[in-house]
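2 protein chains.
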Amino acid sequence: MTGTLILGGGGMIGQKLAHRLGGDADLKLFDIGFPPDSPAMTNQTIGSLTNPAQIARLAATRPDVIYHLAAIVSGEAEQDFEKGWDINMMSMWHLLEALRQEHVASGGDYRPRIVFTSSIAVFGGPYPEQIEDVFLSAPQTSYGAQKATAELMLADFSRKGFVDGVSLRLPTICVRPGKPNKAASSFFSGIIREPLNGQEAILPVPDTVRHWHASPRAAVGFLIHAAGLDTARLEGRRALNLPGISCTVADQIEALRRAAGQEAVDRVKVQLDPDIMKIVEGWPRDFDPARALSLGFTAEQSFDEIISVYMEEDMPSGRD
Amino acid sequence: MTGTLILGGGGMIGQKLAHRLGGDADLKLFDIGFPPDSPAMTNQTIGSLTNPAQIARLAATRPDVIYHLAAIVSGEAEQDFEKGWDINMMSMWHLLEALRQEHVASGGDYRPRIVFTSSIAVFGGPYPEQIEDVFLSAPQTSYGAQKATAELMLADFSRKGFVDGVSLRLPTICVRPGKPNKAASSFFSGIIREPLNGQEAILPVPDTVRHWHASPRAAVGFLIHAAGLDTARLEGRRALNLPGISCTVADQIEALRRAAGQEAVDRVKVQLDPDIMKIVEGWPRDFDPARALSLGFTAEQSFDEIISVYMEEDMPSGRD
Chain A
1 MTGTLILGGG GMIGQKLAHR LGGDADLKLF DIGFPPDSPA MTNQTIGSLT NPAQIARLAA
61 TRPDVIYHLA AIVSGEAEQD FEKGWDINMM SMWHLLEALR QEHVASGGDY RPRIVFTSSI
121 AVFGGPYPEQ IEDVFLSAPQ TSYGAQKATA ELMLADFSRK GFVDGVSLRL PTICVRPGKP
181 NKAASSFFSG IIREPLNGQE AILPVPDTVR HWHASPRAAV GFLIHAAGLD TARLEGRRAL
241 NLPGISCTVA DQIEALRRAA GQEAVDRVKV QLDPDIMKIV EGWPRDFDPA RALSLGFTAE
301 QSFDEIISVY MEEDMPSGRD
Chain Z
1 MTGTLILGGG GMIGQKLAHR LGGDADLKLF DIGFPPDSPA MTNQTIGSLT NPAQIARLAA
61 TRPDVIYHLA AIVSGEAEQD FEKGWDINMM SMWHLLEALR QEHVASGGDY RPRIVFTSSI
121 AVFGGPYPEQ IEDVFLSAPQ TSYGAQKATA ELMLADFSRK GFVDGVSLRL PTICVRPGKP
181 NKAASSFFSG IIREPLNGQE AILPVPDTVR HWHASPRAAV GFLIHAAGLD TARLEGRRAL
241 NLPGISCTVA DQIEALRRAA GQEAVDRVKV QLDPDIMKIV EGWPRDFDPA RALSLGFTAE
301 QSFDEIISVY MEEDMPSGRD
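Heads up: the sequence lines are chains A and Z, in that order. Just so we're aligned: 67 in my numbering is position 67 of the first sequence, and the numbers increase by one with no gaps anywhere. Just so we're aligned: 117 in my numbering is position 117 of the second sequence, and the numbers increase by one with no gaps anywhere.
Certain hints may be false.
SDA-like mimics (lysine to any residue), calculated; alpha carbons at most 25 Å apart, straight line [said to hold, decoys possible]:
1. Z:Lys278 to A:Pro206
2. A:Lys160 to Z:Gly75
3. A:Lys83 to A:Ile46
4. Z:Lys83 to A:Ala53
5. Z:Lys160 to Z:Arg237
6. Z:Lys278 to A:Gly108
7. A:Lys269 to A:Asp207
8. Z:Lys160 to A:Arg285
9. Z:Lys269 to Z:Arg237
10. A:Lys179 to A:Ser302
11. Z:Lys160 to Z:Arg113
12. A:Lys83 to Z:Lys278
13. Z:Lys160 to A:Pro126
14. Z:Lys83 to A:Asp164
15. A:Lys160 to A:Gly107
16. Z:Lys16 to Z:Lys269
No lab work stands behind these hints: they were computed from the structure. Remember, it's a predicted structure, so these values are computed and weren't measured experimentally.
Kindly produce the complete structure, drawing on both the sequences and the hints.
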């Protein structure tokens, strides 16, 4: 039996992961809600990770692999301080405590793999040209602080052998399908997705902003690779900076031009937003993710490729 | 009014700080217990930081400066996982939440300075020759993970303006007066203190072990300097690596010989302890604490000076 639980299974990445893992007969999804086309309808549970009793019930099913993707996104965590810490930090604490109880109750046999989606928001400036694997985590948003805190908890529970965790500091995922969300990074997808679909998009930052991206397909690949990783190779450092593409917004827009012409580019309207600028200016721009590469994690080679992934997988007109 | 609260005021550093701040008429100490010669007897409160209601009562007194020194030490936190996380992490969370409530209730006026004693145990190997200020925190003990987590919380509550915190990553304090404690680092003091007082001391690690030290006097100096620091100069990075002395145990023993002769050195007995060796081998050996130095933090210049501080301040025969 290889039971798999996806916390945050109703979200964009959770759904893509669930579809990819479609062959797993014992796949369970947990979230506050699910889209209508969610797979594996019988294994969906609706609930909140703010409820420790609910978390204990999930832990009691003793899944072998737990993907923990549930989070309050960066913009919302910045606006709603309590909610952000509650979901992004305390729910990790309750989850780890519940799993430790199961570990103890099993006589030490039960020790699940946990794949946790952290974020490059654990970093804060000033930055070197490229961020190396030994660069400090000094977050400048509540979201980043919450993710960094959860990473530390997961690492210590893993070091003690209660669980076997990996934290993946995901690049900003782009191009996200569907509607904009409350993440401060939402526009990075919007300025590609909306123009490709004939709609206008707001660009709230100058086009000189440089950032670090990978596609949803690459993200799902990271998650599955992490679930199968030999964690002894992590040598106690269980948070990984992942591969991605470093490019400016201007580079993104040039790639959009190559994919869909000037007509698409003309749909991007600059409307600077000081709040978003402030958050995004503190974000990292480029990485040298040597450890993750040596551990076999792979992502796209260009932003053009990232746009192609969207057009192949998610663009409404490209679907049957 | 300049109300000052010392959490962990009954401990060794807390007591030295209280004596140094003796002129502060509104000094309050909080701890699970106090030594008989504790100063300011009328302002001592006995209680536990595991009790959120007690923490809320302390916060309601709205001290301007809070020194948060209370902790479960490294050896005990490694043995008692629950207690370590409860005291070293959760009590920081409850304290910050209680202070945020006071901040809100005051209409935003109340924003205390918090000086938190973190530790160089937030680091884990492999290390560079010298640890620079941008080196990652990847702790390899529960104590280190708990301190690193508390640092992140304090930084985010400070960034939001609820409190105004500084985390001090103290070197291993040496020479501690009194009896050995459960810290894995306790022997670093024991191998100096006991021989100076005519007693045998156990050295549980090879004398090639290199580590990073400052005296209790320097530690109190760090705390008071941090309480008066212009935190705008921290530029959002509120955890500081502090100055100290990098030396091997063999260097320590040579300094002991210079201070008290071969007779004292002969009282150090090697008796290797694999548990302590394992913890201590993961600890940092040397730092380049450029930021703290530029912010005016100072410590001893040699291990001989560290021994002198003990002989002047704490050695029983040196007291009247």
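Evaluated hints:
| no. | hint | result |
| --- | --- | --- |
| 1 | Z:Lys278 to A:Pro206 | violated (51 Å) |
| 2 | A:Lys160 to Z:Gly75 | holds (14 Å) |
| 3 | A:Lys83 to A:Ile46 | holds (18 Å) |
| 4 | Z:Lys83 to A:Ala53 | holds (21 Å) |
| 5 | Z:Lys160 to Z:Arg237 | holds (13 Å) |
| 6 | Z:Lys278 to A:Gly108 | holds (22 Å) |
| 7 | A:Lys269 to A:Asp207 | holds (11 Å) |
| 8 | Z:Lys160 to A:Arg285 | holds (24 Å) |
| 9 | Z:Lys269 to Z:Arg237 | violated (42 Å) |
| 10 | A:Lys179 to A:Ser302 | holds (24 Å) |
| 11 | Z:Lys160 to Z:Arg113 | holds (14 Å) |
| 12 | A:Lys83 to Z:Lys278 | violated (39 Å) |
| 13 | Z:Lys160 to A:Pro126 | holds (19 Å) |
| 14 | Z:Lys83 to A:Asp164 | holds (22 Å) |
| 15 | A:Lys160 to A:Gly107 | holds (14 Å) |
| 16 | Z:Lys16 to Z:Lys269 | violated (30 Å) |
Going through the hint list in order, the structure does not satisfy hints 1, 9, 12, 16.
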